[in-house]
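Just so you know, the sequences run in chain order A and B. Per our numbering, the very first residue in the first sequence carries number 1; after that it's consecutive. Per our numbering, the very first residue in the second sequence carries number 1; after that it's consecutive.
Nothing false has been slipped in among the hints.
Not close to chain A: a few residues of chain B, all C-beta gaps over 10 angstroms, as computed: (1) L70; (2) A430; (3) F687.
Quick list of in silico lysine to aspartate or glutamate cross-link-like pairs, EDC-like style, CA-CA up to 20 angstroms: (4) B:K562 to B:D615; (5) A:K260 to A:E354; (6) B:K525 to B:D596; (7) B:K806 to A:E386; (8) B:K744 to B:D765; (9) B:K563 to B:E308; (10) B:K806 to A:D390; (11) B:K525 to B:D497; (12) A:K409 to B:E796; (13) B:K739 to B:E753; (14) A:K409 to B:E799; (15) A:K258 to A:D451.
Keep in mind that the hints were calculated from the coordinates and are not lab data. What you are looking at is a predicted structure, and each value in this text was computed from that prediction instead of being measured. Glycine included, C-beta positions come from ideal geometry on N, C-alpha and C.
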Amino acid sequence: MSDSTLSSTNSKRNPFAGILPIVVAILLTAAYFRAPNVTKTWPVPGHVLFRGMVILLGLSGLMQVLSSFSSSPLKMPAWVMLTQHRMSIPLEGWIYLAIIIVLFTGAMLTKQNTLFLVFALMAGPFVINGWMTFGMLQAARVQRSAMQRAMQGELFSVDVSLNNSRPLFAIWMMSIRDEIVHSRESLSATVLFSRVSPRTTQSGQYQLRLSQRGRYRFGPLRAASRFPLGLVERSRVYRAPDEILIYPRIGKVSPAWKQKLANATELVTRMQPHHGVFHDDFHQLREFRSGDNPRAIHWRSTARRGELILREFQQNREHMLAIVLDLFWPPTAANSFREQTEFALSFVASLLAERGRECRDGLLTLAAAGDRTFQWEGHGTPTSLESLLDGLAVFEPGPSKDIVELLNKTLHHSSSMTQVLLVTTRTAALPYQDLLTSRVDVLNLSEIAPDQLITYDIDTQTRRMS
Amino acid sequence: MDLGFVFKVSLYGLTALVGAILGCAEIEGVAYASGRLGFALPFLSIPIVICGYLFTEVQWKQNRAVGAGLNSFSANFLGIAALIATGIEFMSENREGKLLAGTHLLVYVTWIVLFQQKTVRLYWFLMALGILQLALASVLTTKGWFGFCALAYTFGAVWTLSIFSLWRAEQQFEEEEKIRLAESTTIPANELEQTSMTKRLRSEVRGAVQHEGGTRWLTARFITGVLLTTCSALLVSAAFFAITPRLWVGSTVTLSEDREILSGVTRKTGLSTSVRLGQLGSVLESMERVFEIQLKNLRTAKTISAQEYAEQLGMPEPLFRSSVLTHYQSGRWAVDSLNDLNNVPFSRPDMAADIEQAVRLDANNSGVLFCLGVPLVVIDSRRQIIGDLNEITGVAIQNDQKKESGLMVYTVRSALPSRQPLHFSYPPSARAREAYTRNQYFDRTIKLPRNLNRLKELAASIVDTEGERRKKAEAQPEDRKLTPLETATEIEAYLRDSGEYRYTLEQSVQDPMIDPIEDFLFNRKEGHCEYFATALALMLRAENIPARLVSGYKGGIPHPEKKDWLQIQQRFAHVWVEAWVDEKYGWTTFDSTPVDARSLSIAGMSAKKASLWVDMQAAFAGLWSDSILNMSLDRQEQSIYKPVRNMAFNLAIFMRQLFTSPESALWMLFDLAANRSNWLSPGGVIFLLSLMLTLAAFAWSARRLFVWVNRWLDNHSRRQIRKQHRIVEFYERFTGMMKSHGLKRLPNQTQREFAEMVASQYSSDLEFVGEKDIPEQISRLFYKVRFGESELTIHEENEIQLLLAKLDRALSKDVRHHRDTSSTFERERSGIS
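Chain B with its partners taken away, still in its complex shape:
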């Protein structure tokens, strides 16, 4: 298969993939921000990639060159247009538009590059743009699918780059060949005719590609190799991710409100500072963990269940409060600005505390410290106070002393009520009440949008009907006016128990022209907790009862591994209402969501998902949440650094013992090996790895030493041989010449003795050429070089050449033949010397 084709298809496919990833991430981000499910621009990358490939990489006609595309002028023009479009998008009032403008600019640039005539640089540029798009997608989403996509992209990227390497190598040799051919064809004909050799001669070099078996680049071995390389790279990536300490720099860089919208960790419902009707539906299907809690009664020193404590507080199920929302407008709730101004530090651990709540909270940026009931103090493992109490809402907030963004482990202390109330209520302090009055907080908590007349009528109708009923029941002559508590209870009961409204997670809008809550109350008559709670809060406000919406979690499941721990997942997210029905009790909790229907829905969700696939999903979700999203310095300390430190410490002890007391060291090793539970413990694994590494290092060092010694010995002997070879070079020629004439130097004969033997043997021949002492001269030069350690001069080299030539001639038969016929020859032989 053509390498260029494979590379281009890989690169364009990778660009399409990253476009799809960015598109999905954008949809998720925008959907969360604005609630609308729109079409994301990056999805257009897929058809554009196909068009770009067909336009720039495919040769449609014979006369059209491959690689046609936008020229630089057109590309620059389109780039400016993209910049203007991005500017317009950024300047719009639409908040999401501003946020996504940068993303779209990247996408526009990718499109332009796709249609440009490609060079190596542009191929690389396309690759870099892909990586940047992936990075942007990682900011826009925090879902588990992104992890899979990122893995897929990494596989694709390594594959593409590997193919790119091959292709460039192939191109390099092909191009060299083309240049060579071009040069040879451009040589003028008359130059070829010239005999001047330096004009015709030109040094040429031709490289080559050496394949292993055949001439194919793409082989099964190559593909396997790339896969293994990618797996190795992923292992290194995992190590990078796990080991690099999460020493986050500075304060959190936020994008104002957009941070809340686009940040993954704050997107957990129950933590957000705004709620939009219908938003919760998809979240209620998620089994992602949010936090875990265990309660202990300090009086009895025994654990108690969250349910038990909740019932003592007046809650039918455990309610974990988070955001308190006051402002309602067109289906959207938001927090009150007063919330931020009334955080009060907790006092030192209160002796009045009865309950200790141990909480393990996954990463979030809201700063809310979840607990059951009203917290008295929040401390960490070092018994330092880590939270403040927001007196307006009664929610514990992380203080500035310890801003953790990873997993948080803390303890909340709270009190047991003296008697079990009917409803849980949060009694604000005197200071908070003063703040309510001073800041007209109650005015805002009874504020109702103007267009909710039908809601007002319904509320009035419920109250009137109940009033009439009670009047009759109590047989009172006067109109019976319901108290705020009775009013709240009645409206709560109407919404929850009348059977008029049904609980569902499905979303639908029947009349988009009216307020979503009236659409719920009068048209759809079905929805989830957000609709029920909103309806209750607004109907209470319609009856002049201050009411506010509280988001958080309701209920949980027993922890699958830890006894007495309750695990709270996303699907337990809930919204309820707090109303100011009595000065004494403060904010009383009302929950108008049908309890049974909600429980059935949650249980049904669990039952529906009880399968291998769902288990796998849950396992991956846990892994994603624990090891990716919520990775923090604390978690690294607990899972990686501490075990490694301990192991290093143990290893050091072991090594010391090995030298001081080898027996105990071996016993220690034996204990480790004998105890099966140690094998799979982190310590055991690390110990085994360390041992293997030590052994490998030892083996490697020994091998290197062996190779080094061998090489040294080899080089030494080679040097010796070379030294000998240097001196023998001309002498060997001499001995070779003699050998061809039947004379061989004996092992016990010195070079001088051999020379004398040659001289005596061929005395007549040597006399004929007038050089009787040729053998002696050769042996003299031999001794000079061999034992005198001196180099031959050029003159001496020439002399040797001459001597050997003369000797050769003297020994040849023909010369001997002419010895008789040419008397003058002798004189000639002694000519040039």
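If we strip away everything but chain A, and leave its shape as in the complex, we get:
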């Protein structure tokens, strides 16, 4: 029961909620041993049952107390869980229960049937609350339907469906809570179904925007209800394992850097199959913008229109690009260094995706070293890019032991027509300095500001859900 706010996704656990069962268990134990004349008439199963109940009561209280001091709720090991149903009594339920006990005790002591009537009138709804929630959960079938892949920062929906298999009774106010777990963060989402008619299925959606690259695991789904009185909460866990792969973020490579790369391309020995200033195909004429290459100015059109007109060339579709990614993680690096490695992956993915779009038939290769090595060769086709992004999604930085070998191999196997770009996150001296010839463009991300290389679409990717 929260005080200052009316609601909370994760209700604050109250340590005192667990004390009551412990106290009751202690009192029962004391009464058991201090009043042998009462218990001596019990049969053996009665003793066993009583002791079992007391132990369970005490343990449940202990669990609650420990849970309140723990940052995450204590979870019972799977082998202990005999059933997927869970019951918990919130603080208001404990208070209600305490009032009921007081009424019962008062009625028994004063021999007042009217007071006993009040006790019974209060006990009935409490029992019905527990029974209704149990019945609803028995009939509930929950399923999740989520996409398999998404981009970092992309907003998408996850469908949760709730089926009510009961023939007569509806399901009321049932919340389905889903866990979305990544190695670096843990999220939970809730969909509340206000009513599901008998023998029907309702679908609800929750929306997600995931910031961490890699594999997120869904589940378990936890259906819970306190309806109607909020005194007893029962829940049921549906394992429903599923996962989603989050790709590195794809941005737009800055024109300046693309230009720089294009200039570097000129150094690469290649065939001259087509005409064009940069061996590219002519694409269109457009007005001159600051930063454009003056060599591309179309003087004739400029003279005719009275303003600088530029010839725009499409990238040659035969460009071949080989990227060697040195995703080095220094042993003493702080967590903030992850930002740089993430950016490296994002940049590589963006560059390959963009180049793939522009030169659909050009061969693209990637050799990456981090905690392991990853090699990819492909084109700009969606299938091919998907396999690239799948690999990059789960690629992690590391000691990058094989980087020299990878670079060597790449240089050895790639032709002189292939443009080689080395992307590194190292801040110290490069161990492959000897291999860096004029063929290799080196991009050290520790020395260049990210916004000079790539821009992200702020409108679509940083828009807050509102």
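For this one, chain A is given, so just place chain B on it according to the hints.
For chain B alone, coordinates are given in the frame of chain A:
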């Protein structure tokens, strides 16, 4: 409609309702205790609830926030003030004040909370205070209206809590939305400009509420659902109430004299140990049952009517004695302390007994065992003696052996007089007479308050007048002094038959400055039995005749269902006088209440109420009395446990017969079904329920088993599919790729054969990329995973990706196009592997 508004109105309305219930209960309690009808403090809860709502929940001005109210300091200050006020009330000499101090403290706290700024906790607190107030009201009253009010409160409480659940859910999602919006607006502008994606990116989750048809929370279905829930809850409550055994703990916890005042069961007139003038008026309109009696003549072994036996004892109507009151002061009678000291155990069943009286007595805490005449012994159904005789009063009292607080069933044995006396009298034993003398009992029974001079004069006047009349009538020269018996008879006759005084149930006080009895005798000249009996007792005392007041019941009605039983209801409550007029007879009964007027009043009450509404009232009163107020272990045993036990026993026999002799079991079932009278008997109903439950359990088990088997089969097939799917994932990509190029694996073709076919078909293309054995490698990995049951290593996964990419490229037209133009391409293809 706004959920918050509905919830708040419901909660505040519920608080007002419980305030009214507590107010009514307090008025009833106080009225009984002190006789005054005052204003009860809890009634103020109603206007305070309205003010509290307007003050804390309504936004009057645009700039004033909703939810304003007392801060914690003010609330604590008022709480201390309430505690002090309660303390003062508790310390006062007024007994009711002490009793009600706790109640008022609860009411004060409720008021303070009403004016506080509300949080969820305080809303809950308000709810809990309401329940506690209801519990207190249940202690203060035992009337039937409380049952209705408790039901109404339960309906209201379930409704309010259900709305509260909805409102909290709505608030939860709204609040999450607010937090999200607040977070988004607090992001610095420069951060948005940054390109560093991890600074800008933040995982976000947005939950949702899924309504069924529209976005309304409050629907007709919801309201119906809540009503059904409440009805179900009430059924469970009824089961709780009926089944929970009344194993009362320890001795009765009493609040000293207050127990008598505030306890419901002892409030039945005729059982109380004090009587206040005028108190009986409202009781005489009640048709609540007190006890039932049947008499049997042991000599003839036939039943006799109570009236017949009463006449043989010298009573004009059956008189059932209860409390004997000695002390009078300012309109109030109280018992004598001597009464408690002279309880004598009955001897074993007396052979001299002529009459056996079977009594079914409703719950009471007085311990009085009602009977007609003087009891010789009181025994229960197991023939154990359960009572003592109070020798001072002649009333049978429950002994310590069996203290029952529920319905009592017992038998009283008594004697027939040898000859019919003119007046019924109770002759005390020698031991009692000795006690009278030793304890100056007679002094107390002639004690008269000092301010009753006019009463004394009236008594003397009656006696003198009668003396004169008798002197003349008997023609005696000397003054004729009346005997005590004659004196008592004359005063009784004067009050009853002179026509000077009228019988009425209405109460009024003409002169509150004088003693109520003088107000009756000289001003009002009308009243009911309490006034007539008190006047007689005091006037006898004025003539030095020991007299005492006896409360109990006079008369009754034939039982509506049981033949030869007499039912005694509250309206038969009566008060009369016993006077010590003759040493031989002891305490002789005199009744100065006009008989005809009283009978007419009772009959008129019955006639007036002979309607459907009254019948319903009577039925409810009976239900309330039998099933609520007087619920006891005995009654549970008779009405619930025993039938259930019998049914279980019969069911066990039936089940055994079903296996040993199915024919007889079926006949038994047929008998039960064929005999219509069994259908509605408790046994029949329980049997039917058991049968239905058994069938339902069977159906449920069968369904569960079916579902379980189905699910297992489903899971099994899904596991198989998943297993296959795992191995096919990359191979399917390969086959898909081939399919797009017109090559499809035949059903009778193995994967290896298919690979060979692909290799031969595209040998030139594969040769061009320098990987002739791509199909073979793919099929090799396929066999390894599919039939070798081994997982692919990361290296192998990468290898597959590369192989598939190469194959894709080899099969693409463009590559084939460049095959001629680029001779160096081949070398590049074999680059990274």
